[in-house]
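There are 4 protein chains.
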Amino acid sequence: MEATETTLVVPSKKECRHWYVEWQENDSAHYHGVERQIFHGESPYQVIDIYQTKKFGKLLVLDGDPQSSEHDEDIYHEALVHPALVTHPNPRAILILGGGEGATLREALRHPQIEKIVMVDIDATVVDVCKKELPAYSNGAYDNPKVRLLIDDANKYLKETNEKFDCVISDLTEPFPESPTHGLLTKEFFTLVKSRMSADGVLAMQASHAGRGMNRLYLHHLQTLKGIWKTIRPYRAFIPAFYSEWGYILASDAHDPLVSTWQKIDEKLKPFASQLRYYDGRIHHAIFTPPKELRPLL
Amino acid sequence: MEATETTLVVPSKKECRHWYVEWQENDSAHYHGVERQIFHGESPYQVIDIYQTKKFGKLLVLDGDPQSSEHDEDIYHEALVHPALVTHPNPRAILILGGGEGATLREALRHPQIEKIVMVDIDATVVDVCKKELPAYSNGAYDNPKVRLLIDDANKYLKETNEKFDCVISDLTEPFPESPTHGLLTKEFFTLVKSRMSADGVLAMQASHAGRGMNRLYLHHLQTLKGIWKTIRPYRAFIPAFYSEWGYILASDAHDPLVSTWQKIDEKLKPFASQLRYYDGRIHHAIFTPPKELRPLL
Amino acid sequence: MEATETTLVVPSKKECRHWYVEWQENDSAHYHGVERQIFHGESPYQVIDIYQTKKFGKLLVLDGDPQSSEHDEDIYHEALVHPALVTHPNPRAILILGGGEGATLREALRHPQIEKIVMVDIDATVVDVCKKELPAYSNGAYDNPKVRLLIDDANKYLKETNEKFDCVISDLTEPFPESPTHGLLTKEFFTLVKSRMSADGVLAMQASHAGRGMNRLYLHHLQTLKGIWKTIRPYRAFIPAFYSEWGYILASDAHDPLVSTWQKIDEKLKPFASQLRYYDGRIHHAIFTPPKELRPLL
Amino acid sequence: MEATETTLVVPSKKECRHWYVEWQENDSAHYHGVERQIFHGESPYQVIDIYQTKKFGKLLVLDGDPQSSEHDEDIYHEALVHPALVTHPNPRAILILGGGEGATLREALRHPQIEKIVMVDIDATVVDVCKKELPAYSNGAYDNPKVRLLIDDANKYLKETNEKFDCVISDLTEPFPESPTHGLLTKEFFTLVKSRMSADGVLAMQASHAGRGMNRLYLHHLQTLKGIWKTIRPYRAFIPAFYSEWGYILASDAHDPLVSTWQKIDEKLKPFASQLRYYDGRIHHAIFTPPKELRPLL
Numbered sequence: 027m028e029a030t031e032t033t034l035v036v037p038s039k040k041e042c043r044h045w046y047v048e049w050q051e052n053d054s055a056h057y058h059g060v061e062r063q064i065f066h067g068e069s070p071y072q073v074i075d076i077y078q079t080k081k082f083g084k085l086l087v088l089d090g091d092p093q094s095s096e097h098d099e100d101i102y103h104e105a106l107v108h109p110a111l112v113t114h115p116n117p118r119a120i121l122i123l124g125g126g127e128g129a130t131l132r133e134a135l136r137h138p139q140i141e142k143i144v145m146v147d148i149d150a151t152v153v154d155v156c157k158k159e160l161p162a163y164s165n166g167a168y169d170n171p172k173v174r175l176l177i178d179d180a181n182k183y184l185k186e187t188n189e190k191f192d193c194v195i196s197d198l199t200e201p202f203p204e205s206p207t208h209g210l211l212t213k214e215f216f217t218l219v220k221s222r223m224s225a226d227g228v229l230a231m232q233a234s235h236a237g238r239g240m241n242r243l244y245l246h247h248l249q250t251l252k253g254i255w256k257t258i259r260p261y262r263a264f265i266p267a268f269y270s271e272w273g274y275i276l277a278s279d280a281h282d283p284l285v286s287t288w289q290k291i292d293e294k295l296k297p298f299a300s301q302l303r304y305y306d307g308r309i310h311h312a313i314f315t316p317p318k319e320l321r322p323l324l
Numbered sequence: 027m028e029a030t031e032t033t034l035v036v037p038s039k040k041e042c043r044h045w046y047v048e049w050q051e052n053d054s055a056h057y058h059g060v061e062r063q064i065f066h067g068e069s070p071y072q073v074i075d076i077y078q079t080k081k082f083g084k085l086l087v088l089d090g091d092p093q094s095s096e097h098d099e100d101i102y103h104e105a106l107v108h109p110a111l112v113t114h115p116n117p118r119a120i121l122i123l124g125g126g127e128g129a130t131l132r133e134a135l136r137h138p139q140i141e142k143i144v145m146v147d148i149d150a151t152v153v154d155v156c157k158k159e160l161p162a163y164s165n166g167a168y169d170n171p172k173v174r175l176l177i178d179d180a181n182k183y184l185k186e187t188n189e190k191f192d193c194v195i196s197d198l199t200e201p202f203p204e205s206p207t208h209g210l211l212t213k214e215f216f217t218l219v220k221s222r223m224s225a226d227g228v229l230a231m232q233a234s235h236a237g238r239g240m241n242r243l244y245l246h247h248l249q250t251l252k253g254i255w256k257t258i259r260p261y262r263a264f265i266p267a268f269y270s271e272w273g274y275i276l277a278s279d280a281h282d283p284l285v286s287t288w289q290k291i292d293e294k295l296k297p298f299a300s301q302l303r304y305y306d307g308r309i310h311h312a313i314f315t316p317p318k319e320l321r322p323l324l
Numbered sequence: 027m028e029a030t031e032t033t034l035v036v037p038s039k040k041e042c043r044h045w046y047v048e049w050q051e052n053d054s055a056h057y058h059g060v061e062r063q064i065f066h067g068e069s070p071y072q073v074i075d076i077y078q079t080k081k082f083g084k085l086l087v088l089d090g091d092p093q094s095s096e097h098d099e100d101i102y103h104e105a106l107v108h109p110a111l112v113t114h115p116n117p118r119a120i121l122i123l124g125g126g127e128g129a130t131l132r133e134a135l136r137h138p139q140i141e142k143i144v145m146v147d148i149d150a151t152v153v154d155v156c157k158k159e160l161p162a163y164s165n166g167a168y169d170n171p172k173v174r175l176l177i178d179d180a181n182k183y184l185k186e187t188n189e190k191f192d193c194v195i196s197d198l199t200e201p202f203p204e205s206p207t208h209g210l211l212t213k214e215f216f217t218l219v220k221s222r223m224s225a226d227g228v229l230a231m232q233a234s235h236a237g238r239g240m241n242r243l244y245l246h247h248l249q250t251l252k253g254i255w256k257t258i259r260p261y262r263a264f265i266p267a268f269y270s271e272w273g274y275i276l277a278s279d280a281h282d283p284l285v286s287t288w289q290k291i292d293e294k295l296k297p298f299a300s301q302l303r304y305y306d307g308r309i310h311h312a313i314f315t316p317p318k319e320l321r322p323l324l
Numbered sequence: 027m028e029a030t031e032t033t034l035v036v037p038s039k040k041e042c043r044h045w046y047v048e049w050q051e052n053d054s055a056h057y058h059g060v061e062r063q064i065f066h067g068e069s070p071y072q073v074i075d076i077y078q079t080k081k082f083g084k085l086l087v088l089d090g091d092p093q094s095s096e097h098d099e100d101i102y103h104e105a106l107v108h109p110a111l112v113t114h115p116n117p118r119a120i121l122i123l124g125g126g127e128g129a130t131l132r133e134a135l136r137h138p139q140i141e142k143i144v145m146v147d148i149d150a151t152v153v154d155v156c157k158k159e160l161p162a163y164s165n166g167a168y169d170n171p172k173v174r175l176l177i178d179d180a181n182k183y184l185k186e187t188n189e190k191f192d193c194v195i196s197d198l199t200e201p202f203p204e205s206p207t208h209g210l211l212t213k214e215f216f217t218l219v220k221s222r223m224s225a226d227g228v229l230a231m232q233a234s235h236a237g238r239g240m241n242r243l244y245l246h247h248l249q250t251l252k253g254i255w256k257t258i259r260p261y262r263a264f265i266p267a268f269y270s271e272w273g274y275i276l277a278s279d280a281h282d283p284l285v286s287t288w289q290k291i292d293e294k295l296k297p298f299a300s301q302l303r304y305y306d307g308r309i310h311h312a313i314f315t316p317p318k319e320l321r322p323l324l
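Chains as they are written, first to last, in the numbering used here: chain R, 27 to 324; chain B, 27 to 324; chain W, 27 to 324; chain F, 27 to 324.
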């Protein structure tokens, strides 16, 4: 009974009370401390959240899965876009599938020789919300006259179009059961993608977690692309906000990202190298080095 | 490598990704699943959050501590207000300290014989936010001509006023180190409170967690009031959203809540009994039954 | 780059790293800080864990659900056992269903007029583990010559026995899908229980969470017992380690726990009142006071 | 009231109830689902825990920080040991500081030309617990006649010895306030280390988190080594169980890990390459590729 106010044990204000949780599996989760929730809404396709996290700035979350953070979206998007665009010798027409955040588009537009970019995303709400709440992501890219944004189903667009592209960048979400991409990323789909590409076209796709023991979906995507293109190159980049080594795949019949020297890649990047925070020729070769566990597949 | 999309183990959408955490101590915490954050702001006095929780509806949180939920704020506020107002034989003038949510005021106004209620809360932002986001809490009470709302420091008001009250309801937040109430709830303060009450006045105060092993602050408050009033009666109500048996104290020199029968209490409540979801004469006697661990104090 | 060791922000040792989580629902969970895990094993019937928690001492957990803690098992077990034994005028033969911890038995043995207690628990491992790791729970009760422990299925025992009992204490676990009690707690089962009781027998059962909004299973159990016994009395006790107002039900054709005065109950408890930490005649009447939301059922 | 057992919403057994939490900072944490706790104890120097995690097998934790998991300790230890041993042209005498798990020793012993290894760890309990509970870590290495294990303070040993080493591997824990290494990893300490090395000696040290935005301690260690050795090479490896790109530093006055080709490295590894799960010549060059944010330091 001799307790005084000052001796009362109370929880410290340091303890974070507001969390966004990424469940990587049922028995593994990452807890992100949240300053406040900036946006919560539901489109016809998915639940959209933006959190102001304490560690990674604004974090975009679709259907509960983190998509990118202010803090390190450059790593994710530079690694997605530039390897394909420097591997193709002269990319002029680009197709982006998904990519509603606008940052994939922003990165592609850095390459001055590009003449047109078609971006097909099914969800207008994601595009609008990101334009408003994450303006640095698209950074005005939608206003560029080279860009044509189509709010449409990727599969439907590909079936109906007769356009041809030098590079295709697939920035579609994980094909989880409830996702709009569920059932989409099949051999049939990528065969259709290939039919809309020039003969020496280069595909790059984001392909989920790729660290050892977390790479089931990554292996699945690698298996899907095998047999469609001659050269299949897995590569990976560590994304702090995902707490994971993220997987990408580059595929082509004509070009191989392992051939060019880092000096030649840096030469290509020269006009905008100072705008890149993550990628250059040396990083290119580091991230394309396959880990031992993936080599039997290649 | 034979994984197919359908066999991929992915986290179920059932898993909640957005949480508000109440740290009861450093080694004990309750996780509230959140639908979305409705409000986040900071007044000069405290951080104010309102979460749409999955289980308790809207939950008001000040400086990280839960204050009340749509789902069960009636339990908290009915237990805070009515025992004092039925214990005093004829309460006409009421003072509410704190209570920015407006629900303490709403409950007090049910008693038809009341002629005036002065409510003193330091934080105009809390009052405004609750009026806007939790309108059912005050339910128009601020517009009642019997009510005078003062945005002021409780201590300052008490020192300056020469008004006298029959009942005082203390709905101040926990005196945690960072709280506007830190250092306030002392013997000096309650002596000052008493000096503004009629000789037969009745005080009721909310007094923190009171379950066995969680009652340090409750015991402290009981000790503070002892010696100031002759009759000190602890009582407790289980609040689901707090996951805790919540403590209150009633104090008076003239009246004892244990004396009246439950039938007489129900008689007093008759004009508005149907509006009460929690409290009546039988509950009154149940909640005033002191647990064994508190009896040595009484 | 001018960081020094002392300015490095590192997690404080205060932060608890080892947790047992009680999922109350998918969107609500209580996190118990753990000092160490004392036992982990699996019997043919359930997974058994004992944690040394920071707040509640040793905590027994079956199939992930908390059963009782050193800190407050007295509340749970006193509330389960004594109301029935003081409501029956002269209980001599007692049947305990479940109760493998041994504490239900310990409480029943306090009543000196009891002549025999049969305890039927399906899981010998729980009994053995609790004897070894939680010896204060049974406190030697199994060695009392009045006690007969049967490791058996409650349903099977009841069908085969021709013994009759004055009081039955049902301390069976929640009938969750994976529990050994799943599908057990039906009208048929309790009719069978009643057939093994004397005409004026009294049943008490533990009946899950009972706080407002958490009482689905409790209402279900109340509904199950209605029609089998004439008098059905719900009662509740707040258990700190469950963070919940816990539900119990007393049922009888002949006796009503509301009839006796608290003074008469205290008279009955006199021989061992000093050994009870929670229960007495006044607590009896407090816990039997039904909340408004349950009254329409009664 | 029409609830039936089958419609009752209950938490799924899928939900994990037992967690080890790595607090990366106060507002970021990784939750590891735990099968059971295998060991909990306290030595004079630190608290030692081993958890059987659901995802990473056995996980060794010292003072709350994860040290290594069965699932991927090979990545951590191969990356710590082999770069230094292949960079030095002919390492014969090796000193390991810390490394109580025994796996650093195991990796060093793979190099056939090594003649002696002195391992200095302050905590005999860690060594003993790991031998018993994680036998695959040391895999008999302590019985190798080339090995001398000293239970001693690293600083004290270095001051007193007159032995000289070709390579030093620092596998000391993070210098957090409560750690036995707190205050140890200073310029004075590493100057002392260097004084016990041959003129062309190579140091490798584990150096904490190194991902962008998590690399404060890593930058600190880089700064500490600068000025002591001429060549300072940061390198990094993603460790799944740490959910982090882990930092290491190689330092030498005479040798540079960037000089040798991957083919020459693979030649050196040939006698035991099939025993390595992670490291080879190509991985060597990938992990030594500095990220853009570290280049200004180099």
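Among the clues, some could well be false.
If chains are identical, the list can't say which one is meant, so a pair holds when it fits in one copy or spans any two.
Stated by the list, open to error - No farther apart than 25 Å at their CA atoms in a straight line, the calculated lysine-lysine pairs in the BS3-like style are these:
(1) 252 x 172
(2) 213 x 256
(3) 213 x 158
(4) 252 x 290
(5) 220 x 81
(6) 172 x 318
(7) 220 x 318
(8) 296 x 142
(9) 252 x 190
(10) 220 x 252
(11) 80 x 318
(12) 81 x 256
(13) 294 x 318
(14) 81 x 318
(15) 318 x 296
(16) 158 x 172
Think of the hints as simulated: they come from the structure by calculation, not from any bench.
task = Tell me, please, which holds for residue 252 and residue 290 at an alpha-carbon limit of 25 Å: within, between, both or neither?
result = Result: close neither inside a copy nor across copies, 28 Å intra and 32 Å inter.
key: 25 Å Cα threshold - placement of residue 318 relative to residue 220   = neither (29 Å within a copy, 34 Å between copies)
inquiry  = My question is about residue 81 and residue 318: at a cut-off of 25 Å on alpha-carbon distance, are they close within one copy, between copies, both, or neither?
reply    = between (32 Å within a copy, 20 Å between copies)
query = Quick one: residue 296 to residue 142, C-alpha cut-off 25 Å, is that within a copy, between copies, both, or neither?
reply = Within one copy, since 21 Å is at most 25 Å while 50 Å is not.
task = At 25 Å max between alpha carbons, let me know whether residue 172 reaches residue 318 within a copy, between copies, both or neither.
result = Classified as neither: same-chain Cα gap 41 Å, cross-chain 30 Å, threshold 25 Å.
query = Are the CA atoms of residue 80 and residue 318 at most 25 Å apart within a copy, between copies, both, or neither?
reply = between (36 Å within a copy, 24 Å between copies)
key: Intra/inter-copy verdict for residue 220 and residue 252 if alpha-carbon distance must be at most 25 Å   = Within one copy only: 13 Å inside a chain, 51 Å across chains, cut-off 25 Å.
inquiry  = When Cα atoms must be at most 25 Å apart, do residue 294 and residue 318 count as within-copy, between-copy, both, or neither?
reply    = For residue 294 and residue 318, the Cα distance is within 25 Å only across copies (17 Å; inside one copy 30 Å).
message = For residue 158 and residue 172, with the copy left unspecified, which applies at a CA distance of at most 25 Å: within, between, both, or neither?
response = within (21 Å within a copy, 46 Å between copies)
task = Could you figure out if residue 252 and residue 172 sit no more than 25 Å apart (CA to CA) within one copy, between two copies, both or neither?
result = Classified as neither; 32 Å inside a copy, 48 Å across copies.
query = Under a CA distance limit of 25 Å, which applies to residue 220 and residue 81: within one copy, between copies, both, or neither?
reply = Answer is neither; intra-copy 40 Å and inter-copy 37 Å both fail.
ask   = Using 25 Å as the alpha-carbon threshold, which applies to residue 318 and residue 296: within, between, both, or neither?
value = between (33 Å within a copy, 15 Å between copies)
Checked against the numbered hints given earlier, this structure breaks hints 1, 3, 4, 5, 6, 7 and 12; the rest are met.
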